[in-house]
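2 protein chains.
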Amino acid sequence: MATGRTERPAHRGRGIPEATVARLPLYLRALSALSERGVPTVSSEELAAAAGVNSAKLRKDLSYLGSYGTRGVGYDVEYLVYQISRELGLTQDWPVAIIGIGNLGHALANYGGFASRGFRVAALLDADRAVAGQRIAGMVVRHMDDLEQIVRDDHVSIGVITTPAPAAQGVCDRLVAAGITSILNFAPTVLSVPEGVDVRKVDLSIELQILAFHEQRKSTSDGAAPNLPPAAPGAAASRAGDVGGDLPEVMPA
Amino acid sequence: MATGRTERPAHRGRGIPEATVARLPLYLRALSALSERGVPTVSSEELAAAAGVNSAKLRKDLSYLGSYGTRGVGYDVEYLVYQISRELGLTQDWPVAIIGIGNLGHALANYGGFASRGFRVAALLDADRAVAGQRIAGMVVRHMDDLEQIVRDDHVSIGVITTPAPAAQGVCDRLVAAGITSILNFAPTVLSVPEGVDVRKVDLSIELQILAFHEQRKSTSDGAAPNLPPAAPGAAASRAGDVGGDLPEVMPA
DNA sequence: TAATGTGAAGCTTTTCACAGCC
DNA sequence: GGCTGTGAAAAGCTTCACATTA
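Those protein sequence lines, which keep their order, are chains H and S. Heads up: the first sequence begins at 1 in full-length UniProt numbering, then just goes up one per residue. Heads up: the second sequence begins at 1 in full-length UniProt numbering, then just goes up one per residue.
No lab work stands behind these hints: they were computed from the structure. Computed from a predicted structure; not experimentally measured. A couple of the hints might just be wrong.
No distinction is drawn between identical chains; accordingly, a pair holds when it is met within one copy or between any pair of copies.
What the hints assert, rightly or not - DMTMM-like, lysine to aspartate or glutamate: derived pairs with alpha carbons at most 25 Å apart:
| id | residue 1 | residue 2 |
| --- | --- | --- |
| 1 | Lys57 | Glu46 |
| 2 | Lys57 | Glu18 |
| 3 | Lys218 | Asp173 |
| 4 | Lys201 | Asp128 |
| 5 | Lys60 | Glu18 |
| 6 | Lys201 | Asp173 |
| 7 | Lys201 | Glu18 |
| 8 | Lys201 | Glu87 |
Let the hints inform the model, and build the full structure from the sequences given.
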């Protein structure tokens, strides 16, 4: 999410669009796969296909980083891996702390994908003293009391919040107070943070609801229902204003 | 409000912008909290604050659903909860299958947030016969062999893929062949699907990389480094200088 | 009077299409 | 000949500001 800061480093050619930044990791992943297969160069068409975007968009995106391709040939895979890694800041180490060691925190602690690109799980924390002390994924879970000290000593730069929703804002505030300016929030709640702190969220429930919206459209607009869903049992009952009268169970044409 | 009239809600049909759809769940969550606290009405200003957006955007978003507010007053909380729920398709039941019961699948199976809004975990599946048969979150894990039958018999409408990346496309293909048209993918890979199938992805590693990008900018553009990150291991510490790049060699992490 | 609903303006992102270069 | 890099057009999204209405 945008920092809201208006001041720009005034570097010529800087100012990569947010939408582009969000796709760079995708390109990087596709390039890494090519690299492992020993492929030396790749065209925008091929790379775009591997990343699931169209080639014009890919070329435009890459053009914000510089002119790293060769006309008539394509892009050097290794070179591009390096340039994107550098742009994303993956050539440095990013110690991460996971706060809230429930089911999800536990799963993330064991998730291999963390380590792969400069992200290193530096600490696991939990508010429950029964959890603190446990050994998970080769690390001892620390108690929340030590949060500030851990952030300082281990130079934690990214906090991952996997607590229950009610605890999330409090944890967030403490992270921010401890100097952390990048937070990944898995708790289903909106976090409010001061200017300059970036929060990104991962929200299962929101994703499902978006899918449901489109799924609903599919079965109502087509005559042919793919996997007909069973009728609704407990729907939100309307009070306040009889809703049923207006648009009762619409089935728009 | 809402009398028996069949006045069409302004933008019905193909009309609701994708960006708006993605925010409706956020509004719904904020409204549900208000509802539980017994708040009867809410202004766009208040609701927007609770959802973390600005009020003009909120009003515009809601206007795509219809004119559900009252000038001078605000929105009726219960009524709006119902309208958004209906628009999102949450007044019906959405049986979900989770495929791949590793750490993450396990965590999701136990995650309470599923059940809350019409999403019901109908089945857990795994390719490993040692996992199939186990009891998790009150359900018996089924073997992948039964996928097609389960999808059919339980009217599964959404597939959640939590397999390792290499297995994901195969699972996806089978889901699609079985008639599923909505997929939530947690595997770090691009899925290719035919037209008409919706895929949404949740990707931890991408989110972290986006955070890293902004974090890097902060420390290089500001004089004041918040939590100074330790220098990279072997990486060429090329700072914000542009192109210049040579180094066709990679710098993996 | 207070707060919605919405044209219009301003931005951002995507797509097009082709000049330029290897 | 093939493919990148990029202006320009189109589409999509956000914000403004105010007429409108309960």
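Tested hints:
1. In this homomeric assembly, Lys57 and Glu46 come within 25 Å of each other (Cα to Cα) only inside a single copy, at 13 Å, whereas the closest approach across copies is 38 Å.
2. Within a single copy, Lys57 and Glu18 get their C-alpha atoms as close as 13 Å, and across copies as close as 19 Å, so both meet the 25 Å cut-off.
3. When the C-alpha separation of Lys218 and Asp173 is checked against a cutoff of 25 Å, the pair qualifies only between copies, where the shortest distance is 19 Å, while the shortest distance within a copy is 42 Å.
4. For a Cα distance limit of 25 Å, the shortest separation of Lys201 from Asp128 inside one copy, 24 Å, qualifies, whereas the shortest one across copies, 31 Å, does not.
5. For the identical chains of this complex, Lys60 and Glu18 are neighbours both inside a copy (13 Å) and across copies (23 Å), given an alpha-carbon limit of 25 Å.
6. For the homomeric pair Lys201 and Asp173, the shortest alpha-carbon distance inside one copy (16 Å) is at most 25 Å, but the shortest distance between copies (28 Å) is not.
7. In the homo-oligomer, the alpha carbons of Lys201 and Glu18 lie at most 25 Å apart both inside one protomer (15 Å) and across protomers (18 Å), since each shortest distance falls under that limit.
8. Taking the shortest alpha-carbon separations for Lys201 and Glu87, both the intra-copy value of 22 Å and the inter-copy value of 23 Å come in at or below 25 Å.
Violation of the numbered hints given earlier is absent; every hint is satisfied by the structure.
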